[in-house]
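**Student:** Using the hints provided, position chain S relative to the given structure of chain A.
2 protein chains.
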Amino acid sequence: MESGPPGGSGPAEPGPRLRGLRGADATASASSWSRFGAEAGCRAPAVAAVLPAGGSGERMGVPTPKQFCPILERPLISYTLQALERVSWIRDIVVAVTGENMETMKGIIQRYRHKRISLVEAGVTRHRSIFNGLKALAEDQPNCRLSKPEVVIIHDAVRPFVEEDVLLRVVTAAQEHGCSDYDLEFGTECLHLALKYSHIKAKLVEGSPDLWKVTYKRDLYAAESIIKERISQQVCVVMDTKENEEHVGRCLEEMLKTELNHVKVTSGQDLQQIILEQCYNFVCVNVMTSDFEETQRLLNMLEESNLSILYPVVVISVHFLDYESVPFGQRMEKVMQIREFAKEVKKRNILLSGLLIYFPQEEQKLQESLRQGATIIAALIKDRNSGLIGQLLVA
Amino acid sequence: MESGPPGGSGPAEPGPRLRGLRGADATASASSWSRFGAEAGCRAPAVAAVLPAGGSGERMGVPTPKQFCPILERPLISYTLQALERVSWIRDIVVAVTGENMETMKGIIQRYRHKRISLVEAGVTRHRSIFNGLKALAEDQPNCRLSKPEVVIIHDAVRPFVEEDVLLRVVTAAQEHGCSDYDLEFGTECLHLALKYSHIKAKLVEGSPDLWKVTYKRDLYAAESIIKERISQQVCVVMDTKENEEHVGRCLEEMLKTELNHVKVTSGQDLQQIILEQCYNFVCVNVMTSDFEETQRLLNMLEESNLSILYPVVVISVHFLDYESVPFGQRMEKVMQIREFAKEVKKRNILLSGLLIYFPQEEQKLQESLRQGATIIAALIKDRNSGLIGQLLVA
Chain A
1 MESGPPGGSG PAEPGPRLRG LRGADATASA SSWSRFGAEA GCRAPAVAAV
51 LPAGGSGERM GVPTPKQFCP ILERPLISYT LQALERVSWI RDIVVAVTGE
101 NMETMKGIIQ RYRHKRISLV EAGVTRHRSI FNGLKALAED QPNCRLSKPE
151 VVIIHDAVRP FVEEDVLLRV VTAAQEHGCS DYDLEFGTEC LHLALKYSHI
201 KAKLVEGSPD LWKVTYKRDL YAAESIIKER ISQQVCVVMD TKENEEHVGR
251 CLEEMLKTEL NHVKVTSGQD LQQIILEQCY NFVCVNVMTS DFEETQRLLN
301 MLEESNLSIL YPVVVISVHF LDYESVPFGQ RMEKVMQIRE FAKEVKKRNI
351 LLSGLLIYFP QEEQKLQESL RQGATIIAAL IKDRNSGLIG QLLVA
Chain S
1 MESGPPGGSG PAEPGPRLRG LRGADATASA SSWSRFGAEA GCRAPAVAAV
51 LPAGGSGERM GVPTPKQFCP ILERPLISYT LQALERVSWI RDIVVAVTGE
101 NMETMKGIIQ RYRHKRISLV EAGVTRHRSI FNGLKALAED QPNCRLSKPE
151 VVIIHDAVRP FVEEDVLLRV VTAAQEHGCS DYDLEFGTEC LHLALKYSHI
201 KAKLVEGSPD LWKVTYKRDL YAAESIIKER ISQQVCVVMD TKENEEHVGR
251 CLEEMLKTEL NHVKVTSGQD LQQIILEQCY NFVCVNVMTS DFEETQRLLN
301 MLEESNLSIL YPVVVISVHF LDYESVPFGQ RMEKVMQIRE FAKEVKKRNI
351 LLSGLLIYFP QEEQKLQESL RQGATIIAAL IKDRNSGLIG QLLVA
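Chains as they are written, first to last, in UniProt numbering: chain A, 1 to 395; chain S, 1 to 395.
Bear in mind the hints are in silico, worked out from the structure with no lab data behind them. These numbers come from a predicted model, not from an experiment. Among these hints, one or two may not hold up.
Chain copies aren't distinguished; within one or between two, either way the pair holds.
[Unchecked claim] Below are the EDC-like pairs computed for lysine to aspartate or glutamate, each with C-alpha atoms no more than 16 Å apart in a straight line:
#1 LYS382 / GLU224
#2 LYS343 / GLU253
#3 LYS347 / GLU304
#4 LYS264 / GLU254
#5 LYS217 / GLU229
#6 LYS343 / GLU303
#7 LYS343 / GLU368
#8 LYS264 / GLU277
#9 LYS213 / GLU103
#10 LYS347 / GLU254
#11 LYS343 / GLU176
#12 LYS115 / GLU85
#13 LYS346 / GLU73
#14 LYS135 / GLU164
#15 LYS347 / GLU303
#16 LYS213 / GLU224
#17 LYS228 / GLU294
#18 LYS106 / GLU224
#19 LYS347 / GLU100
#20 LYS217 / GLU304
In isolation and in its complexed conformation, chain A is listed as follows (with noise of 0.2 Å):
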């Protein structure tokens, strides 16, 4: 962990001290880079980002500073922290935060195993928190494992959905223009101050709709939606052999392709696959029997994954009842287990819920029930709400 200096040291211009963090050797071509440097020949330049995270979160009306709001349980700022590591050609992410919320961030880190993450202590001003990012990045102390970078980007904490794309056109704007710092705010404080201070040109790069900044308490519940509706995006239906389920099974899938507009719903053939893939929604299908084989060999490949560390992971565990041969009671108590396993797994993010589908040997009738099963399936994917966990849903 790297820690800058506190706030009341160093000028209060960027603009100067920006200027000679890039080297005069960029020579990456934007063309070439744009393909993510794939191409031969094409060397990419050192990248880092910067976060100025000290803020208090006085507009959101919330006492949690806005980077540390929860969403779906996870703070703010780690979706943006995940968002940049995705990004591979970004060597260093240096974020700022107050003194009072080192400890929140170490936690944060650690707990969400972000990776390639250096704290300094934020400034009293914004323009400070991104100097004293900067002035970690330059500084060539013995023990600094921060490698100096050509380019540095300087990005919010609060803007959790920025692209590659965007990142990579800062990158190239900044090669090709000689500005070395990209806010990717419009019109921001921080482009004045480029160019009142620097001799340098700045270029404005387009961003997208996506870009926006989390401000208000509505932009949370937006920003919750949209990820919300991210992880809802693939659902893998998971069904054993037997002949009549391969049959429900089926309609089941066809049924969850109308009710989730969208979406990707795959069969567990290659469970190991999907899950690497990133689905955040199991449908296991099983027979109506006293046992949770399926169901609890799917929890042990999702608990050994660590898929559900970043998100919640729902898993519905589908069971077949005749109730007009065998008396209801019997079977429900059995399946009413699901209230352990639901606890158990809940501890490990996965949201486990059962749901009972009346199997009448009537078609029509199954249709019916099938699809109303398709329903509840996609609500409890919509919705993702943990107060739920551990029911016994019937369609």
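**Tutor:** For chain S alone, kept in the frame of chain A given last:
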């Protein structure tokens, strides 16, 4: 219904025309009128509102124009109309919609029982739509039921959260400054036009963060969350008078207060009054019998009240179960009737669920299951997901 001229006629500059709409005798004082004209000797000016609603919603990335996008199954524009209707001193509300959406709009007015609304055809630009609205208000036609206003508020159809105090400030500013057209959007093109084409002074009135415009899909998400939060601010617990229940009922109330921060939890002593005060959440606590008398009585009252026309009303029928002494299945089957009730009342926008709370003799265990019950109730109220109606949840 008024039908204004199509977009082709009339001047493009609304400034001078707008000016003509304001009478010279606006004598009401701003300070006294700010108490909503309640004091003697204060005459409120005749106020009307024009809503340009001819937009196509391109930026939303959805096929439906944004003013018709559903939030909790009701179109966005209906929320905006509701916000304006609440303001008793706005005499007429003129909505400009395109010809192809005229029938949709009529359907919305009828279904959600909006009052004081007139429709005109939208023009090809926002300004022409406003002009058409103003023309309808200014015309001295023999069959025109609209009264000529002194002040006209121009309000975007996609700003659903406008409050009376902001509207009042706009109107009093119009009276004081002699400016006729106040667009509630800061720095809008309307303001520029007013400054450019008219000799009157324009005044910018401070809005509130709530006044934001639904532009992107994320804004729809935010609007939905805000609306859900607003209608979840009060929960009414209805109980019968049996002694046992009195105790558990009170405990449940206390736990609900913990689960739902800032939520007003009221006992259903005077149900009619609570319904009149627009409480949208009801928890009906019953003994574990085969009947749903209490719940049924509540549902009947809700249906008669028309409370659920504008928002979905959540009703949770709570039953207690000591499953150590009574076979689980026997009781379950009776309570399963809830599914049939739920289907029926869903037609009238009431979301009914059942909740079975385990009732052990031991006080500590009872507290535990009541706590879990409160968590489930809070989840159902917050999410308000119609996909989960008719379920019997277990705490």
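**Student:** Each hint: holds or not?
**Tutor:** Comparing the hints with the structure gives:
1. LYS382 / GLU224: Intra 11 Å, inter 14 Å, cutoff 16 Å: intra and inter.
2. LYS343 / GLU253: Classified as neither; 27 Å inside a copy, 24 Å across copies.
3. LYS347 / GLU304: within (14 Å within a copy, 45 Å between copies)
4. LYS264 / GLU254: Within. Shortest intra-copy distance 11 Å satisfies the 16 Å Cα cut-off; inter-copy 43 Å does not.
5. LYS217 / GLU229: Close across copies (12 Å), not inside one copy (19 Å); limit 16 Å.
6. LYS343 / GLU303: Within one copy only: 14 Å inside, 38 Å across.
7. LYS343 / GLU368: between (31 Å within a copy, 14 Å between copies)
8. LYS264 / GLU277: For LYS264 and GLU277, the Cα distance is within 16 Å only inside one copy (12 Å; across copies 44 Å).
9. LYS213 / GLU103: neither (24 Å within a copy, 38 Å between copies)
10. LYS347 / GLU254: This pair counts as neither: shortest intra-copy Cα distance 32 Å, inter-copy 26 Å.
11. LYS343 / GLU176: Neither: 55 Å inside a copy, 63 Å across copies.
12. LYS115 / GLU85: For LYS115 and GLU85, the Cα distance is within 16 Å only inside one copy (7 Å; across copies 54 Å).
13. LYS346 / GLU73: Result: close within a single copy only, 12 Å intra versus 32 Å inter.
14. LYS135 / GLU164: Neither, since 25 Å and 50 Å both go past 16 Å.
15. LYS347 / GLU303: within (10 Å within a copy, 42 Å between copies)
16. LYS213 / GLU224: within (13 Å within a copy, 19 Å between copies)
17. LYS228 / GLU294: Answer is neither: 26 Å inside a copy and 37 Å across each miss the 16 Å cutoff.
18. LYS106 / GLU224: Cα proximity of LYS106 and GLU224: none, with 23 Å in one copy and 34 Å across.
19. LYS347 / GLU100: neither (28 Å within a copy, 53 Å between copies)
20. LYS217 / GLU304: neither (35 Å within a copy, 36 Å between copies)
In this structure, the earlier hints numbered 2, 9, 10, 11, 14, 17, 18, 19, 20 are contradicted, and the remaining ones agree with it.
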